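Chains as they are written, first to last, in this note's numbering: chain H, 6 to 256; chain S, 6 to 256.
It should be emphasised that the hints constitute simulated quantities derived from the structure, not laboratory data. Incorrect hints may appear among the rest.
Put simply, identical chains are the same to the list, so a pair is met inside one copy or across any two.
As the list claims (entries may be wrong) - In silico EDC-like pairs for lysine to aspartate or glutamate, Cα to Cα no more than 16 Å straight-line:
| hint | residue 1 | residue 2 |
| --- | --- | --- |
| 1 | Lys256 | Glu157 |
| 2 | Lys251 | Asp221 |
| 3 | Lys150 | Glu30 |
| 4 | Lys19 | Glu42 |
| 5 | Lys256 | Glu175 |
| 6 | Lys7 | Glu90 |
| 7 | Lys7 | Asp33 |
Since this is a predicted model, take the numbers as computed values, not measurements.
Number of protein chains: 2
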Amino acid sequence: MKILLTNDDGINAKGLAALRDRIKEIADVIVVAPETEQSAVGHAITLSDPLRVREVERDGEFIGYAVNGTPADCVKIAVRAILKEPPDMVISGINLGANISTNVIYSGTVSAATEGTILGIPSIAVSLATFINPDFTPAASFAKKIALSVYEKGLPEGTLLNVNIPNLPEDKIMGVVFTRQGNSRFREEFDKRTDPRGHIYYWQGGEMLFYDEDRDADSGVIRNDMISVTPIHYDLTDYKFLEELKNWEIK
Amino acid sequence: MKILLTNDDGINAKGLAALRDRIKEIADVIVVAPETEQSAVGHAITLSDPLRVREVERDGEFIGYAVNGTPADCVKIAVRAILKEPPDMVISGINLGANISTNVIYSGTVSAATEGTILGIPSIAVSLATFINPDFTPAASFAKKIALSVYEKGLPEGTLLNVNIPNLPEDKIMGVVFTRQGNSRFREEFDKRTDPRGHIYYWQGGEMLFYDEDRDADSGVIRNDMISVTPIHYDLTDYKFLEELKNWEIK
Numbered sequence: 006m007k008i009l010l011t012n013d014d015g016i017n018a019k020g021l022a023a024l025r026d027r028i029k030e031i032a033d034v035i036v037v038a039p040e041t042e043q044s045a046v047g048h049a050i051t052l053s054d055p056l057r058v059r060e061v062e063r064d065g066e067f068i069g070y071a072v073n074g075t076p077a078d079c080v081k082i083a084v085r086a087i088l089k090e091p092p093d094m095v096i097s098g099i100n101l102g103a104n105i106s107t108n109v110i111y112s113g114t115v116s117a118a119t120e121g122t123i124l125g126i127p128s129i130a131v132s133l134a135t136f137i138n139p140d141f142t143p144a145a146s147f148a149k150k151i152a153l154s155v156y157e158k159g160l161p162e163g164t165l166l167n168v169n170i171p172n173l174p175e176d177k178i179m180g181v182v183f184t185r186q187g188n189s190r191f192r193e194e195f196d197k198r199t200d201p202r203g204h205i206y207y208w209q210g211g212e213m214l215f216y217d218e219d220r221d222a223d224s225g226v227i228r229n230d231m232i233s234v235t236p237i238h239y240d241l242t243d244y245k246f247l248e249e250l251k252n253w254e255i256k
Numbered sequence: 006m007k008i009l010l011t012n013d014d015g016i017n018a019k020g021l022a023a024l025r026d027r028i029k030e031i032a033d034v035i036v037v038a039p040e041t042e043q044s045a046v047g048h049a050i051t052l053s054d055p056l057r058v059r060e061v062e063r064d065g066e067f068i069g070y071a072v073n074g075t076p077a078d079c080v081k082i083a084v085r086a087i088l089k090e091p092p093d094m095v096i097s098g099i100n101l102g103a104n105i106s107t108n109v110i111y112s113g114t115v116s117a118a119t120e121g122t123i124l125g126i127p128s129i130a131v132s133l134a135t136f137i138n139p140d141f142t143p144a145a146s147f148a149k150k151i152a153l154s155v156y157e158k159g160l161p162e163g164t165l166l167n168v169n170i171p172n173l174p175e176d177k178i179m180g181v182v183f184t185r186q187g188n189s190r191f192r193e194e195f196d197k198r199t200d201p202r203g204h205i206y207y208w209q210g211g212e213m214l215f216y217d218e219d220r221d222a223d224s225g226v227i228r229n230d231m232i233s234v235t236p237i238h239y240d241l242t243d244y245k246f247l248e249e250l251k252n253w254e255i256k
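One chain only, chain H, in its complex shape (with noise of 0.2 Å):
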């Protein structure tokens, strides 16, 4: 089994150095990754620069290949330019955050996973939902049990796995749960500063609220120190809306 891995926080990040390491023991592993941190990118293509790819060794060993791009950008490279045939599977992370309900169409970590379905290809979006003192471990476990679940199972066309894994030990993980993307959103915030030379500008910040206390969605999971296992589509058609629709008469 041949994988491609890839994140959205950067090629030195450890989450993905972690996940490597698990990932090495059930296949070869090939990285693909951005140069710096690309959060927040959503499914983000670059097409108005062009696209570098450099190869990276750690402690003379090689590691995998940045490229000055999102995580989309990564793996279309991978499989079109850089592999000569495509992977069997692609998992992208381990983010550093988490990445459910609606924060989830922001999110670059699940954009890669997204990009190597839309390539024909079985993919995993893998996410710690913590952003203090991270244990990426038991996380990688999970991964490589899910990716051997995948390879095993398969995935329907056009559908992928959005996990995402509670900052605890092994033994105080309390299940596994497969569920829905949840309701709970980013409250944005600005927070208005002005400048040295007296221009006004704006930070983007702002709070998660959560609105799922419930077990079938991802974010009720997670807060119940339990795994959400989230399968996703990228055909955003609101087919019961369309039956509806379909009375409207557009004068």
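For chain H, the structure is supplied; the task is to place chain S on it using the hints.
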């Protein structure tokens, strides 16, 4: 009625001006748009750089606000920091180029309308299906019509309309079809080159592969000289596969 207009081609784009001219006939219009072209940014938001807002005049008339960010940034900062109260509607466009099928996920135009929807505001993305010799007039007329329909009937929470209009005179447009997101997609190619210093770089490019010719998909409809209106939402859950997934055991 108060309508927020934005786009991903930038505040000086002709498609935005054409949209503004028609929407002014039915609503108070406020424009908050990117300073520069932001195509293929997907649903990116700017967290690591400060955002600046510039008041823009043209021929002595106040046109709107330019933001050094993405389309999603523009909608967020408009609603949360610039406007005193939320608008009744967000319209994003008129984009130069179709936003159909799988390509919707890369679309800054659609991401702006999605952001409006997340903020609880009925939202519409409007794109003109051409890159050459655009005539935005028929598209702007249709945008006005569908804005009136949306104002009258409303949209479900979490759902927006993604509208694509062929580049034809109004009397040559063969109708309006309510569609699903199609399966056509971009086939990317990487053009490998060597720079003057002898270093390799790549240009990302490619072409659209049309898989849907049928009249229920956006791409099929647009190719048959009709307007497609696709209801899309940001709940990416694959509910069908979720049921199957619940039988998985991850060892």
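Going through the hints against the structure:
When the C-alpha separation of Lys256 and Glu157 is checked against a cutoff of 16 Å, the pair qualifies only between copies, where the shortest distance is 12 Å, while the shortest distance within a copy is 53 Å. Within a single copy, Lys251 and Asp221 get their C-alpha atoms only as close as 31 Å, which misses the 16 Å cut-off; across copies the closest is 11 Å, which meets it. In this assembly of identical chains, the alpha carbons of Lys150 and Glu30 lie at most 16 Å apart only when taken from the same copy (11 Å versus 59 Å across copies). Proximity of Lys19 and Glu42 under a CA criterion of 16 Å is satisfied intra-copy only: 12 Å inside one chain copy versus 34 Å between copies.
In this assembly of identical chains, the alpha carbons of Lys256 and Glu175 lie at most 16 Å apart only when taken from different copies (13 Å versus 60 Å within one copy). In the homo-oligomer, the alpha carbons of Lys7 and Glu90 lie at most 16 Å apart inside one protomer (10 Å), although the nearest pairing across protomers, at 53 Å, exceeds that limit. Only within a single protomer do Lys7 and Asp33 lie at most 16 Å apart by alpha-carbon distance; the minimum there is 5 Å, versus 56 Å between protomers.
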